[in-house]
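Novice: Whatever position you read off the sequence shown (first residue = 1), add 263 for my numbering.
Because the hints were derived from the structure by calculation, they are not lab data. Quick reminder that beta carbons are idealized off the backbone N, C-alpha and C, glycines included. Hints may be right or wrong, so weigh each one.
[As the list claims (entries may be wrong)] Below, in silico cross-link-like pairs of lysine-lysine (BS3-like), each with a Cα-Cα straight-line distance of 27 Å or less:
{"no.": "1", "residue 1": "Lys274", "residue 2": "Lys299"}
{"no.": "2", "residue 1": "Lys279", "residue 2": "Lys304"}
{"no.": "3", "residue 1": "Lys274", "residue 2": "Lys304"}
{"no.": "4", "residue 1": "Lys299", "residue 2": "Lys279"}
[Stated by the list, open to error] Computed beta-carbon distance windows for the label pairs:
{"no.": "5", "residue 1": "Ser316", "residue 2": "Arg293", "range": "16 to 24 Å"}
{"no.": "6", "residue 1": "Lys274", "residue 2": "Glu296", "range": "29 to 37 Å"}
{"no.": "7", "residue 1": "Pro320", "residue 2": "Leu297", "range": "39 to 47 Å"}
{"no.": "8", "residue 1": "Ile295", "residue 2": "Pro317", "range": "19 to 27 Å"}
{"no.": "9", "residue 1": "Pro317", "residue 2": "Glu268", "range": "23 to 31 Å"}
{"no.": "10", "residue 1": "Ile321", "residue 2": "Lys279", "range": "33 to 41 Å"}
{"no.": "11", "residue 1": "Arg275", "residue 2": "Lys299", "range": "36 to 44 Å"}
{"no.": "12", "residue 1": "Leu276", "residue 2": "Glu296", "range": "38 to 46 Å"}
{"no.": "13", "residue 1": "Ser267", "residue 2": "Ile295", "range": "13 to 21 Å"}
{"no.": "14", "residue 1": "Asp271", "residue 2": "Ile321", "range": "18 to 26 Å"}
{"no.": "15", "residue 1": "Thr311", "residue 2": "Arg275", "range": "43 to 51 Å"}
{"no.": "16", "residue 1": "Thr283", "residue 2": "Ala303", "range": "14 to 22 Å"}
{"no.": "17", "residue 1": "Met300", "residue 2": "Pro320", "range": "18 to 26 Å"}
{"no.": "18", "residue 1": "Lys279", "residue 2": "Ser316", "range": "30 to 38 Å"}
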Amino acid sequence: MGGSELLDQIKRLGWKVLVTGCDGDPLIDRQIELVKMLEAKGVQVHVTILPPSPPPPIYLPLSTSSCID
264 MGGSELLDQI KRLGWKVLVT GCDGDPLIDR QIELVKMLEA KGVQVHVTIL
314 PPSPPPPIYL PLSTSSCID
């Protein structure tokens, strides 16, 4: 598995890894796989899954003057 030496070093140093995700995120499956792999290597992992947030409103530029004279 790639990067296993780095993961061993993270474990040895006692670092903790935070993995955050959002419900509905298309990459949530990859994040879950990452957490499982880190835990299997003995790395301390904290997971935060946030509820989906509504998309930001779309702002359209409004012009008070016309480009055409």
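Novice: Would you mind marking each hint as holding or not holding in the structure?
Specialist: Status of the hints after comparison with the structure:
1. The suggested pairing of Lys274 with Lys299 holds, with an alpha-carbon distance near 14 Å, which does not exceed 27 Å.
2. For a cut-off of 27 Å, the pair hint linking Lys279 to Lys304 stands: about 12 Å separates their Cα positions.
3. Proposed proximity of Lys274 and Lys304 is supported: the alpha carbons are some 8 Å apart, at most 27 Å.
4. Under the criterion of a C-alpha separation no larger than 27 Å, the hint pairing Lys299 with Lys279 is consistent with the structure, at around 14 Å.
5. The supplied range of 16 to 24 Å is met by Ser316 and Arg293, whose beta-carbon atoms lie about 20 Å from each other.
6. As the Cβ distance of Lys274 to Glu296 is approximately 18 Å, the hint placing it in 29 to 37 Å is violated.
7. Judged by the Cβ atoms, the range 39 to 47 Å given for Pro320 and Leu297 is violated: they are separated by roughly 32 Å.
8. A hinted range of 19 to 27 Å holds for the C-beta pair Ile295 and Pro317, which are about 24 Å apart.
9. At about 42 Å, the beta-carbon gap between Pro317 and Glu268 misses the expected band of 23 to 31 Å.
10. Under the hint 33 to 41 Å, the C-beta atoms of Ile321 and Lys279, about 38 Å apart, fit the expected range.
11. Hint check: Arg275 to Lys299, Cβ distance near 20 Å, so the stated range 36 to 44 Å is violated.
12. For the hinted restraint 38 to 46 Å between Leu276 and Glu296, the CB-CB distance of approximately 23 Å leaves it violated.
13. For the pair Ser267 and Ile295, the beta carbons lie near 19 Å from each other, so the given range of 13 to 21 Å is met.
14. For the pair Asp271 and Ile321, the supplied restraint of 18 to 26 Å is violated, since their beta-carbon distance comes to about 47 Å.
15. As the Cβ distance of Thr311 to Arg275 is approximately 25 Å, the hint placing it in 43 to 51 Å is violated.
16. Checked against the given bound of 14 to 22 Å, the beta carbons of Thr283 and Ala303, roughly 20 Å apart, stay inside it.
17. Checking the proposed 18 to 26 Å range against Met300 and Pro320 shows it is violated: the Cβ atoms sit about 38 Å from each other.
18. Between Lys279 and Ser316, the C-beta spacing of about 26 Å breaks the proposed range 30 to 38 Å.
The structure fails hints 6, 7, 9, 11, 12, 14, 15, 17 and 18 (numbered hints given earlier, in ascending order).
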